[in-house]
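Chains V and Z, in that order, give the protein sequences.
Numbering-wise (the numbering used here), the first sequence opens with residue 273 and increments by one.
Numbering-wise (the numbering used here), the second sequence opens with residue 765 and increments by one.
Misleading hints may appear alongside valid ones.
[To be verified] Here are some chain Z residues the structure puts well away from chain V; computed CB gaps all over 12 Å:
#1 V889
#2 I905
#3 S908
[What the hints assert, rightly or not] Reference listing, derived: stretches of chain Z covered by chain V, where coverage requires no fewer than 3 residues with Cβ under 8 Å from a Cβ of chain V:
#4 824-837
#5 915-921
#6 983-990
#7 1012-1019
#8 1031-1038
Just so you know, these hints were derived from the structure itself, not from any lab.
Where is the CB? At the ideal position from N, CA and C, for every residue including glycine.
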Amino acid sequence: MDISKAGAPAPFVDEVEPETQSAGKRAWRRFLRNGGAVIGTAILLFWFIVALISPWIVPYDPTDTLGLARQPPSAEFWFGTDTLGRDVFSRVLVGSQISLQLGLISIALGLVPGVALGLIAGYIGGITDAVLSRLVDAMLAFPSILLALVIIAALGPNLRNVMIAVGIGTVPLYARLVRGSVLSIKQLPYVEAARVLGNPPLRIMLRHVLANAYAPIVVLSTLQVGHAILIGSGLSFLGLGAQPPTPEWGLMSAEGRDVLRRAWWISTFPGIAILSVVVACNLVGDGLRSALDPRMRIDR
Amino acid sequence: MGRYITNRIVQLIPVLFLISVIVFGVLHALPGDPAELILQGAEGGAPPERLQELRQAMGLNDPLLVQYFRFLGGALLGDLGESVRFRTPVSGLILDRLGFTIELAVSGLLMALLIGVPLGMIAAVRQNSWIDTAAMGLAYIGASMPIFWFGLVLILLFSFTYPWLPPAGAEGLQSLVLPAFTLGFVSAGPISRLVRSSMIEVLGEDYIRTSRAKGLTERLVLWRHGFRNALIPVVTMVGLIFGGMLAGAVVTETVFSRPGLGRLVVSAILSKDYPLVQGCVLFLAVLYLTVNLLVDILYAWLDPRIRYGN
């Protein structure tokens, strides 16, 4: 935000002088006025910072067995220790790296091909569109967890393959979303003008069509990061994702399952961490949705 | 109505075909040799002649297209091949566990409706009050909840701290309460949001004003005229939620050590039992599509505009 605005009376500024503010700034103001979105942003920032600095701030090595198994939470071990005597607090902090990576990488893996397919289907149309759309419909016609299970079965259970499986599951979501945006944007006069000026199709697709379809993509991505973390940690809980001794939150919950009665803390704290990240992603996603376009709707 | 149903069934055929291609394609075309993976688990390095033998036995030496049509032809006749681990037909293994999963999914769905519908109703009637905020906040948390963790917390509370309900197993109605509540709470969020917005819309309709004007009690207005009309859109959602139940069952069955299709497919993946994975996923997909078809038909029956619409 620029300095001249900072001293202005806060409420209704954008309604009073709309032409002095860009669309981006107005969206930003709407976002900041949404309490939930601000809280979500704060939680996400917190976890991002933790993920970045956790190697230096954790009290213990997250994979070090300290010889004190199943210690309840105390001043020494804030979240207790697990069945192998590892510090749960350190593991939860370091685990943020894995969960955030899982969310971001798997979404990137879905976003790039999904957006490309949507652009191609929407812009080229015709038989290409018909074939791609049928394929997307078929992928959307059954729960994405089934597709993820098949992919993990084929590639083997580990964290990398979970990212691939979750990523592929989101491809049709992006493809459908972008196709819809492209179909409406390509009718607009400025796209027509770009074509008449002799721009090559690829340039038109990227510079003129995609650049104006970014808002729903950003919203979908934010919501999907939370969803990916939820599915990914669930798969790890089942033993289909991260493998020991990785401090992955879902896997940590699974490791505490058999001793739940005697050592509740092993499963409980990683779960709270997952819940907080996913709630934060959803709050930010919903906040972005209403800030970028109050009428915009995305099916999940 | 008959024509609508026929249309919907005909539309399903290409989808089913594509799903079978995707499931088969992913399991067979991706790098990784099932025969090698199976033997790898048994003993460190597999001798090449045993690999070759197993490939021959599994039909992996035939061209992919031949393998696919053999799989599809079998599947159409209810033959999903034989499990590598159990050495019995996949279809039998599925049918043995189907009842448990249906039981869980249906009770989870009921629970989701029992939680979600009243939550949405209260939120709508008390729109913009703290009750509305609290109800929607609860729905939000439910939708963001890792299902396995919620199940563990419930076990901790209601099986260990207060020993009211069994933490595991599938004997009797009692053992169903916690898994069904786990599934229901997690899926109640979207239902309550939909009920809320639908109810708010209905409450603004003329016929609600009319029934108030003719002096009906508020209870009658809300229940007879509001509630019943607000529920119609929820019907369309039931199919989608059922999909969520199947996905949730994969995790819930493991958390509560319940037998079922979800646990079967997870153990099949972990033991690299490809025919079983393939059969389970295909079966679950068909089950999901069938439920959605039935829901669509129900919806068309409830709301004639759909039938004639397109």
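Now the hints, each set against the structure:
1. At the 12 Å boundary, the C-beta of V889 (chain Z) stays outside the reach of chain V, the nearest C-beta of that chain being 23 Å off.
2. The claim that I905 (chain Z) is not at the interface with chain V is violated, since a C-beta of that chain comes within 12 Å of its own (minimum 7 Å).
3. For S908 (chain Z), the condition that its CB be more than 12 Å from all CB atoms of chain V is violated, with the nearest at approximately 4 Å.
4. Counting residues of the segment 824-837 of chain Z whose C-beta lies closer than 8 Å to any C-beta of chain V gives 0; at least three are required, and the coverage claim is violated.
5. Given a C-beta distance limit of less than 8 Å, the hint that chain V covers the segment 915-921 of chain Z holds, as 4 residues qualify and 3 suffice.
6. Coverage of the segment 983-990 of chain Z by chain V is violated in this model, with 0 residues showing a Cβ closer than 8 Å to a Cβ of that chain against a need of three.
7. As drawn, the segment 1012-1019 of chain Z meets chain V at 4 residues by the rule of a beta-carbon pair under 8 Å; at three or more, the given contact holds.
8. Restraint check on the segment 1031-1038 of chain Z versus chain V: 5 residues with Cβ-Cβ distances below 8 Å, three needed, restraint holds.
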